[in-house]
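J.: One letter stands for each residue in the lines below.
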Amino acid sequence: MIFLKLILTNLRRHRIRSFISVAGIAFSVAAMLTVVTILQGAIGMFSGILSSDSEIIVFERNVSDLFFSNVPATAVEEIAGWPMVSHADPVLFGIVSSADHPIITCFGVTAADARIRKATWIAGDRFTFSQHTDDVVLGERAAEFLSARLGDHVPIGHGVFHVIGILKTANGFEDGGVFMPLSSAQSFFHKEGTSSVITIKLRDKDDATSFKSTVRAKFANLIALEDAEFTRSYSQFRILKATAWAVGGCGLLMGGLGVANTMIMSVFTRIREIAILRVNGFSHLQIAAMIFGESAVVSLLGAGVGLTTGTCLLFALKLIPALHGYVDVTIQPVVILIVILLALLTGIAGALYPAVYAMRVRAVEALRFE
Amino acid sequence: MNIFTKTVSGSARIVLRAVDVWKSYDDGAIEVLKGVNFEAIEGQTVALCGPSGCGKSTLLHLFGGLDAPDRGHVSVNGIEVNRHRNLLQLLRHEVGFVFQLHNLIPDLTLAENCLIPTVAAGIDQRVAQARLQQLSDRTGLAHRLGQRIQKLSGGERQRTALCRALMNKPKILLADEPTGSLDEHTSGAVFELLLDIVATEGVTLVMATHDRGLAARCDQLLEMHDGRIHEPVHA
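Line by line, the protein sequences are chains A and Y.
So in the numbering used here, spot 205 of the first sequence is number 205, and the numbers just go up one at a time.
Convert by adding 1000 to the 1-based position in the second sequence; the result is the number in the numbering used here.
Keep in mind that the hints are not guaranteed to be accurate.
Simulated coverage check for chain Y against chain A, where a stretch passes if three residues somewhere in it have a Cβ under 8 Å from a Cβ of chain A [said to hold, decoys possible]:
id : region
1  : 1031-1043
2  : 1056-1066
3  : 1117-1125
Simulated from the structure, these hints should not be mistaken for laboratory data.
All of these numbers come straight from a predicted model, not from anything done at the bench.
All C-beta atoms, glycine included, are put in the ideal place defined by N, C-alpha and C.
I would like the entire structure built from these sequences, with the hints used as guidance.
T.: Next up, the structure:
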């Protein structure tokens, strides 16, 4: 109890300094949580697009980005005919732009595609999809920022399209996207006869391994991955995840420097106190434990405040209409655990030098001169 | 058995010994101790008198293992000080320090300050609390245990420092000008208490002081001058 009080004493003694250190860690933790959660949400959303009513995705082998993947229509036809396949939906991804919106995701799909079949149609009739080459269906948010209503003609990229429907989906990418008939998208993006991916639903999920090996045997340039496999291995996702953790890590490093500064000041201002403890039998390890304990308290407090702030921030972001569907506030427990551990490690790392310095304090000199 | 407990032949047990101890600072530029020899027996009270800078405090620091001699040997209960493994044991169980400035931690209460040595030594807190009660009764501080240090008078602070020094029942009490910061009246009262407690507890007291009146009441008064101890004035 007294040991704990010795740890807390210095934090209470220099309240403003302690507050700044806790705030530093808290901001870092909040930033890390927000960035990681948003990016993981984005990855989840993109994965969600691919796994709409499907469990396997087929795409061109060794492409760094699905936008560059080319799957020939002949492959779609052949795979759709395999007995183990319930349905095979080709999807062509593209980026289009309008006057005020440089990036709008475009999905070239067939009328039978799950994204069209299973979506909630706010306006229009899904059975009219794909009847004319200049028809498009807009996501609800895309319709909003394009100020488009059913029946309007909207300029998208180098063309003008007729809005025949508006969809509402829970997925931000889809909600802010444009759905074109596959053939129109192929023409628009100069990718005639190809799609970016084929999403596959099997009659029996247990056939997944067999399906993948069949694709490998028949199409040397294609690869089939189950959704979970794809999410794990897709290089773009890995880059995004690494970037998120790196950005968060940099924030935490800054917080750690704040803790280090606080702890150094803490040790410098209590050298006499450390000397008194030494004279009264405190070992080097007990002195170090006191310093590490102090930094751990700062880190854990910062982590707690940061997690709370970050969570509130995510909820606030979710409420912003422009970000509807883009922010997934599902915070994974493993992310919370990693963030707390990183904050704790940062605090401990920040206290390393101060602890070593405190251990080296010579009681006789501290008591004589200070 | 305590590692420092070692019986010396004869009726008097030497608990503290310094043999030809030399100590200097600034790479030898300032010679503080010049071949000091010293012995104190169990339960004895020894006063070190002498002008400022003659080496009294330095000698006490060497006895308590806070500093190491350049040459010579210092031993407590027959075990040489400044062997690292022994130092912690020495500070926790064998030696208690009282300084001129009380050196208490201001944010802690009187009781918490006194309990610090027991925390360091890992002593059961029920045992520690009982010892604290005993010492605070003896020193008249029982009613002030929950007070913060800032609210204590000078005499109370020094009595608190005395309690703290004796918490782990050390065999030797090293007191560096223990009444130096107190007025005459309080100084006399604190010193009375000090002598009373060390006598009751059987503790050996080595005290550095300028106050010859107080020093004269010790069993032995040693004069220090220019880094050396001269013949005892009385024993």
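J.: Evaluate each hint against the coordinates.
T.: Going down the list of hints, with the structure as the test:
| no. | hint | result |
| --- | --- | --- |
| 1 | 1031-1043 | violated (count 0) |
| 2 | 1056-1066 | holds (count 4) |
| 3 | 1117-1125 | holds (count 5) |
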